[in-house]
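Fit chain B with the ligands to the known structure of chain A by using the hints.
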Amino acid sequence: MNATTTSASNISGKSAGDSLRFYGVWLVGIATLILLPMIFSSGGSLTSFSLIGIAIVFALSYNILLGQTGLLSFGHAVHYGLGGFAACHVMNAVVSHGWPVPLPFIPLFGGLGGLAFAMIIGWVMTKRAGTVFSMISLGIAELVASSSLILRSVFGGESGISTDRTALPKMFGWTFGPQIQVYYLIAFWLVISAIAMYALTRTPLGRISNAVRDNPERVQFIGYDPHVVRYIAFCFAGFFAGVAGGLAAINFEIANAAYLGAIQSGLVLFSTFIGGVAFFFGPILGAILVTYLQLGLTSVTGVWQLYFGIIFIGIVMLSPGGIAGLIMMHRPLARAGTLQTVIPSYVVAAVPTLALACGVILTIESIARTHSGQSSPINLFGVAFTPASPMTWASAAILIVVGFFVARLSWRRVADAWDRAATIARDRGYLA
Amino acid sequence: MTAAIELNAVEKRFGNVGIIRDLNLSVAQGERHAIIGPNGAGKSTTFNLISGHIRPSSGEVRLNGDVISGLGPFEINRRGLSRSFQVTNVFSRMSVWENVRCAVLWATGHRYAFWKNVDSLPEVRERTSQILDDIHLTHRRDVPAGLLTYAEQRELEIGITIAGGANVVLLDEPTAGMSHAETDRAVALIRRLTEGKTLVIVEHDMSVVFGLADRISVLVYGHIIASGTPEEIRRDPKVKEAYLGEEAH
Ligand SMILES: Nc1ncnc2c1ncn2[C@@H]1O[C@H](COP(=O)(O)OP(=O)(O)OP(=O)(O)O)[C@@H](O)[C@H]1O
Ligand SMILES: [Mg+2]
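Line by line, the protein sequences give chains A and B. When we follow our numbering, the leftmost residue of the first sequence carries the number 341, and every step to the right adds one. When we follow our numbering, the leftmost residue of the second sequence carries the number 9, and every step to the right adds one.
Bound conformation, chain A alone (with noise of 0.2 Å):
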């Protein structure tokens, strides 16, 4: 049992070895950033990660409420779409009144916006946590939601208040026209949220943030007032949920209801969490998946939401942590070095997965088809089914049967190659 010893040599400063890849590892994010639009340059894909440049900040302002300070909101949305709002009527003034402030500056305008509105309300918001403040996030998100359709000045109504982000002042000779320089835009607010979003991680605030998540009480008698700390985790999360809907009102030129809803006050706390809430680089992992999965899934079948319920349910029971809990999971493996133990086991495992997971799909897109009387083939990998023949139910049966037992003795192997890798990781001191 000497894992400790092992891995407390060093935490107060960090090795030169630590921070070269912690700099590392921001670098390689920012390059990407860069590079992506590059090699993926067609209309689609750009719109694609300007929507995921977005989630990502709008799911990382989300955790600084979940993971970081243990406040489960349900009515996150609130501050992003307010913030887009704020951007668009922004936008709109610069415009008439001829203000010398550029398209990239609107992003700040957005959080503003966001914490104005998380200023004034969280401080009720916040005095408890748990299911009360739950509770009254998901009563205050109900409120703006159904003001938004009574008070048109502000809000638009129906039709929302559009913006043309084109007519404002232009910067370095970028007109904000093409997809591709609102793209770089979203990707420099991207760095620069995410950059301050970890900042405030490692500050007092931070880290006695976690403190009041473990144990509010105890909070209490180390000087700090666990009201206060949420407030002002609240402010910032509403901070940057504006900033992401600002962003948003920037890449669709428009605030409307929809903004706010509870629909994307869900879809933020199932990308966050999806993700995994106790590394900060969960989200951003959420954000992508969900994201992708959202444009990707409604483009191929007219259920999707039902398949992102299967996810968030999978991903709830099987992986608590998240896809950032799988993965981290494995670093004590990774440097005992005993990882080729189980890699092997999961690639076994995943063949009879995968024809468990083709079984599933064909049986509810056989189902959803014929029920709102479609007849179009079903594709996977290339092959067609027609939906509910006798062909597809018999292979729809087959896969999930065959499927199904292959699967449980393939995760039982991967279990076992767990524990023998484990066990070594242990033996080197990787693993408490």
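Just so you know, these hints were derived from the structure itself, not from any lab. All C-beta atoms in this analysis are idealised placements derived from N, C-alpha and C, irrespective of residue type, glycine included. Be aware that one or more of the hints could be misleading.
Where chain A lies over chain B, by a calculated footprint (3+ residues, C-beta under 8 Å) [claimed, not checked]:
1) 85 to 93
2) 113 to 127
Every beta carbon over 10 Å from chain A, so not counted as near; a handful from chain B, in silico [unchecked claim]:
3) 151
4) 155
5) 188
6) 205
Coordinates of chain B with the ligands only, in the frame set by chain A:
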């Protein structure tokens, strides 16, 4: 000199049940004061009343002469009073290092700062390592507090309590559940870490109590029936009857 802690006619009722009845207690500056009494006597409740965890139904609590009853726990803590808990109460998902560091932050003046990097605050780092050294947990600094052994958690509990440098320290059964060796170590630790401070300790282990305390108060059914030096308490017939008698078998 004003007393470090003073309780005047403090009462606490939960519903109709009077748990603390007409409690009067005075602890001098720099004194090591033990509170003993049978299970359910109200010792932890007394700590809760002093530390602001709950409010007295009536009566007043003073810290260094100032009335503190009615203040929140964090306000009382900022005035220099810190307490530990009978049931370990730490930040279980955070590392040992983080636990202690959080307890150092307010006292070093960093409060809610969101513009400072917590890793580059030298006085915070030094004080945290000092405390970790003191509680013998340096080798466990990166372990999540929830994974520590019971005795280690109790030591961390003490570490968090004293980390802020409070001048008045309340320890609620710090050695409960420890082995003899662990108890001896913990007592030595407490003695050293509370040097020059005012200490109030609730303890069931009589050897700890009589070895450590300058004065002892005996609490029975929410009322202090005797208060005095260890010698006086040992000789007090009321105490013998109410408490020590049953303890000593
Ligand atoms: N919040 C509460 N509500 C109702 N009753 C309470 C509450 N807190 C404590 N009590 C009761 O007050 C009495 C005193 O409890 P307390 O925890 O102070 O005893 P104690 O002297 O610390 O005992 P022990 O030696 O077992 O720790 C007990 O009967 C307990 O049930
Ligand atoms: Mg008690």
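Against the structure, the hints:
1. Taking a C-beta to C-beta cut-off of 8 Å, the region 85 to 93 of chain B contributes 5 residues in contact with chain A, enough for the three needed, and the coverage statement holds.
2. Taking a C-beta to C-beta cut-off of 8 Å, the region 113 to 127 of chain B contributes 13 residues in contact with chain A, enough for the three needed, and the coverage statement holds.
3. The Cβ of residue 151(B) sits about 5 Å from the closest Cβ of chain A, inside the 10 Å cut-off, so the non-interface label is violated.
4. Not every CB of chain A lies more than 10 Å from the CB of residue 155(B), the least distance being 6 Å, so the non-interface label is violated.
5. No Cβ of chain A comes within 10 Å of the Cβ of residue 188(B); the nearest lies about 23 Å off, and the non-interface call holds.
6. Residue 205(B), annotated as away from the interface, keeps every beta carbon of chain A farther than 10 Å; the closest lies near 16 Å.
Hint check: violations occur at hints 3, 4; the rest are consistent with the structure.
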